[in-house]
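4 protein chains.
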Amino acid sequence: VVKFKMIKVSIIGATGYTGSELLRLLLFHEKVEVVKVTSRSDVEVPVGQIHRNLYKLTNLKFTEEDIEEIVEISDAVFLALPHGQALEKIPAIFQAAKGKPIRVLDLGGDFRLKDTQVFEKYYKLKHTAPEFLKDAVYGLTEFNREGIQKSNLVACPGCFPTGALLALFPLAAENLLTGDVIINSATGSSGSGTDPSEGTHHPERAFDYKAYNVFSHRHQPEIQQELERFNGNPFEVTLTTHSAPMVRGIFTTVFAHLSKEIPESRLKDLYCGYYENEHFIRLVDQPRSAVVAGSNFCDVSVVSRGRKVIINSAIDNLVKGGSGQAVQDMNLMFGLDEKMGLTFPGTHP
Amino acid sequence: VVKFKMIKVSIIGATGYTGSELLRLLLFHEKVEVVKVTSRSDVEVPVGQIHRNLYKLTNLKFTEEDIEEIVEISDAVFLALPHGQALEKIPAIFQAAKGKPIRVLDLGGDFRLKDTQVFEKYYKLKHTAPEFLKDAVYGLTEFNREGIQKSNLVACPGCFPTGALLALFPLAAENLLTGDVIINSATGSSGSGTDPSEGTHHPERAFDYKAYNVFSHRHQPEIQQELERFNGNPFEVTLTTHSAPMVRGIFTTVFAHLSKEIPESRLKDLYCGYYENEHFIRLVDQPRSAVVAGSNFCDVSVVSRGRKVIINSAIDNLVKGGSGQAVQDMNLMFGLDEKMGLTFPGTHP
Amino acid sequence: VVKFKMIKVSIIGATGYTGSELLRLLLFHEKVEVVKVTSRSDVEVPVGQIHRNLYKLTNLKFTEEDIEEIVEISDAVFLALPHGQALEKIPAIFQAAKGKPIRVLDLGGDFRLKDTQVFEKYYKLKHTAPEFLKDAVYGLTEFNREGIQKSNLVACPGCFPTGALLALFPLAAENLLTGDVIINSATGSSGSGTDPSEGTHHPERAFDYKAYNVFSHRHQPEIQQELERFNGNPFEVTLTTHSAPMVRGIFTTVFAHLSKEIPESRLKDLYCGYYENEHFIRLVDQPRSAVVAGSNFCDVSVVSRGRKVIINSAIDNLVKGGSGQAVQDMNLMFGLDEKMGLTFPGTHP
Amino acid sequence: VVKFKMIKVSIIGATGYTGSELLRLLLFHEKVEVVKVTSRSDVEVPVGQIHRNLYKLTNLKFTEEDIEEIVEISDAVFLALPHGQALEKIPAIFQAAKGKPIRVLDLGGDFRLKDTQVFEKYYKLKHTAPEFLKDAVYGLTEFNREGIQKSNLVACPGCFPTGALLALFPLAAENLLTGDVIINSATGSSGSGTDPSEGTHHPERAFDYKAYNVFSHRHQPEIQQELERFNGNPFEVTLTTHSAPMVRGIFTTVFAHLSKEIPESRLKDLYCGYYENEHFIRLVDQPRSAVVAGSNFCDVSVVSRGRKVIINSAIDNLVKGGSGQAVQDMNLMFGLDEKMGLTFPGTHP
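Protein chains in written order, with the numbering used here: chain A, 1 to 349; chain B, 1 to 349; chain C, 1 to 349; chain D, 1 to 349.
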């Protein structure tokens, strides 16, 4: 059987959990053919030997990164790399393309922050490709569809920002944020990637809960930047991230003191207006990380007392907070139904 | 869009985890339309309010059990009920059908054991519908395809038997079992169903490991019976089941002392012969419950020293050990590709 | 061997986790003899049959509640009861005592809130013993030693308040709180008690994270009340509680915007001044629930940016957040070293 | 206060979990003074900085290994080292001692197996100190008290052997074992030590269950050797070890086909005879790893059908299966009550 009009996709850096999850989605996407997956450490190793859940489900092997070849055979390239590496790869990809239309989706943080000074402060890295920042579109699907559709370079959102922004965008869009916006998020261990470390050592992590990167998490300025696109009033985000003893999931609790009082029922209506037609965003009474685990859904609740509001959201960090949203963006970039390949529910329990 | 030739499916008793998992699979099955889901406790409640992962993904509500109506509108009926209830329902279904062809898949234990005395000993229940036992086909797909295809009544295997039988069938088929066949299995908590109890209370279960129903588990005679269909030599199964602090998954370790010595390499070839063309059974070095979680796969390994053999298998108790295998059987019964709606990999990590 | 000068202790309602933990501590306390443990549901059942970890370690059996007898044979009485029940028991105890000196420690919430209107709003119960509120001393040991020593009735703090107050008291004592004080806490499942429920059903809880009782948790007014004893400026506490997939532990993240800017180093000095001589409070870089699990320690960190402060604390909800602190208070009430019976470290990992 | 007659103890290799647990016990042991703890990687680092649960509870720092000095200042030396290292250390210690009485407790595997060929096969190491094997006493306390009391060198049992032997010794002592003795054990992740690896990486381990080292685990010959001391009949142990998603605990399920039939009640009496006076061994209906976690107890059950027996046991691998039993042995070696410092119950839940 010859496949017509399949989107040919390569993944650069496909041995991590983000790569694993991209493969779980793309190998079964009806309009995608995965043509190349690269790795520095596992060249020639079959994919199913690294990602055991994919064993016997693909004949792909990891290959070296040959940018020229990748550009030649691919319609879309996903980058699932440690921070900093896309600063080199993305210029190389577009240079090699020589005008051939190619779509690039970067799942790292290199092209999310528009202000290179902020980038350099939080990432402790010099930004060596600032000329691409202008064209890089922030890939939070629900709030950037038009930009994503037209773009050749999508900077896919961080996991914490996805949960926080979906909780906050309706308020920001109504210019309701002011003063301190307090975000507390808890993440599962898969967010730390595949490299074993003390913080993800099972005897240490299994019953543990702790805060980390207090006042200094890289995702804080990303959230601030994106909210400022909508909310004219001055406000200041404080993000505190926590390690929770689960594997998948980010749960977010936002506290905000609104710029004006709105009755709770109207606030719920406001969220409803933004989200009732969004397939992947569900307004619920009580978001739960276990309920969305394995799926591309983001469950959101909103409660208020006077001008104080608490919004909760739950996502799977590897799906809506990572590879799922990247596929959703890819669908948009290629004119497909954005839900294609993503409609399955969570595997709860 | 009008859907042609869809299989109309009802689920009796759809509020438990087995029902939840059937819905997760059947709502997205390209040839199935779920027409009715019943519940005693939650009549008129929307499915997504009980199974939160399905929220907004179906408009179905739970209804009362009206056997007449179910038979009239359904091509297939799944029963996901506590043990004993199918003893009444299944006669009622076939009586109401009055010869209309209807396929019934029972996920409980009522029609698995051919010997009613054994049934009554282990289930502490009188078997009130022995006339259906003759026609009930045991639904372990890979070892009963022909029977399942022709059957109107499939008794879907128990979760422990699925893991144990897939580990042992190649030996039984070669008449290699003799003497004690020692099966140790560990299950996740989802096997206990949706009703909270002390044994599944999180503070008790979260770090706990224990054996239960020693020498008396209902699944032991089921395994014995099915192996005896193949293995002529006398042998005796001892199944010890354990509660492990995970949610999904059954991991099985079988020890057998073979009736004759076979070199390990030939033993592996033997398993390979049985399984290399089975999509859902994968021979691996080290089966892991986390790798198959969420999927219909059964991973198997075999190791030997002289005549001693250890076989390990890993399944998801709710999928291959429950609802997934039931859907696989349904596919066969309706002449579909048995993989339909089941091809997705596990969601590891 | 006759034991001299042992404190004779009874526990009313000793079958729950709070009772279990009291017994784990008091049975091995060198100055305590546990003389009576009561239960409504398990009269005549040996303690070790309910609390399996204590099997063979005590000959005590649960008995019925005979207040007269308890008062007669006890120097101290612990109440580990559902909310509302102490409203009747405590008046009955003091009435039966007829002036005999007896010390009562209530681990429930009935005598923590001084304002009965606030109590009735949050507990949905009429307060039927307001005359005891005047004498009831709030048992947060480190900030109330003198009161506890003199008291006959100690209202032991709630678990969330213990974590939050130990994080906030140094700021409150310096009148630094103003405006919104945002407290986010995550608790293990043992905080829900011994009764199985959907929220503590292992398949539901094991990978789950969620917020609950948003804006309405009973511990919020308790925290507000205690901080107001120290902090004269107006401020308003918002507590959001979360269920995390662990068993023991409460982790708290406080955000406060101080009434004046204090350099971070001076802020740390301030905490050091309050806590360096406290055995059970340890200033650390990164509190972790797993590190204090099983122990009476509270680990605290403080970080600031300008006037914004984030304080983290970690406790074991059943020890420092419950039975351990109650024993610490009992030690004080009887003139013992407050550390007696509590010096063991956590069982990490 | 001057402490009289304290046992001066050093620990060589004290940064791992075995060392951590020794410190948790010995720092609070009323007759012990820990005088030295060594480490290769963390010289001069305070103990509480590595073992965070001990923060502020000891002023000890890790030092280099100076055998001369250790021997000079110590009455007892614990070795908590990777396999193979004690082969050099123990000869060095006794040489440095020059006849000074010193007691050595080795928690590694170097001196457990009497047959160096078996050692070399399973440990893949040449045994370079066979002359010490004769004097090395196997430290399973309950079955070797006299030997341990007289010994200067105790080889503390492995974690799996402790659980298996306490399950099997009463049968072996009655010469009831024959043929295959099938042992299946599941361990928590703390048994893998402090070094992060793929197998203990939280996203991989948290929901996982798997068998490992099938037919080749080092603890199998250790169990065989010790049972053979009692059981004259030929029999053959097969140990299959499993990784379970918990932190502490080893749960063991033994299947044996006895050399003669004994009624179940007499079998239970037999176990009762061996264990009713053992403080740390408790005969129960259903051993549970969570119930003994944190404690030195071993809970055991025995059930039979005809000549088939299933024995279950549960221990904490770091306590009874490691450091706790070592302290119990040390108590014996110094003529103390063997329970000293070990009487606390588990911290269940």
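These are calculated hints, taken from the structure and not from any lab test. Hints may be right or wrong, so weigh each one.
Unchecked claim - Here are the computed distance ranges between Cβ atoms for each label pair:
no. : chain 1 : residue 1 : chain 2 : residue 2 : range
1   : A       : ASP66     : C       : PHE215    : 53 to 63 Å
2   : D       : VAL43     : C       : ARG266    : 29 to 39 Å
3   : C       : ARG266    : A       : ARG305    : 45 to 55 Å
4   : A       : GLN95     : C       : SER197    : 53 to 63 Å
5   : C       : PRO263    : A       : GLY99     : 29 to 39 Å
6   : B       : ARG40     : C       : SER197    : 14 to 24 Å
7   : C       : THR128    : D       : GLN286    : 40 to 50 Å
8   : B       : ARG40     : C       : GLN49     : 51 to 61 Å
9   : A       : ASN59     : D       : ALA92     : 25 to 35 Å
We put the beta carbon where it would ideally sit given N, CA and C, even for glycine.
Going down the list of hints, with the structure as the test:
1. A:ASP66 / C:PHE215: 53 to 63 Å: Roughly 56 Å apart at Cβ, these two residues keep to the hinted range, so it holds.
2. D:VAL43 / C:ARG266: 29 to 39 Å: holds (34 Å)
3. C:ARG266 / A:ARG305: 45 to 55 Å: With a Cβ separation near 34 Å, ARG266 of chain C and ARG305 of chain A fall outside 45 to 55 Å, so the hint is violated.
4. A:GLN95 / C:SER197: 53 to 63 Å: For GLN95 of chain A and SER197 of chain C the Cβ distance comes to about 60 Å; the hint holds.
5. C:PRO263 / A:GLY99: 29 to 39 Å: Since the Cβ atoms of PRO263 of chain C and GLY99 of chain A sit about 56 Å apart, the hinted range of 29 to 39 Å is violated.
6. B:ARG40 / C:SER197: 14 to 24 Å: At roughly 20 Å between Cβ atoms, SER197 of chain C and ARG40 of chain B fall inside 14 to 24 Å, so the hint holds.
7. C:THR128 / D:GLN286: 40 to 50 Å: holds (43 Å)
8. B:ARG40 / C:GLN49: 51 to 61 Å: Hint violated: Cβ distance 35 Å, outside 51 to 61 Å.
9. A:ASN59 / D:ALA92: 25 to 35 Å: Once the Cβ atoms are compared, 56 Å apart, the range 25 to 35 Å for ALA92 of chain D and ASN59 of chain A is violated.
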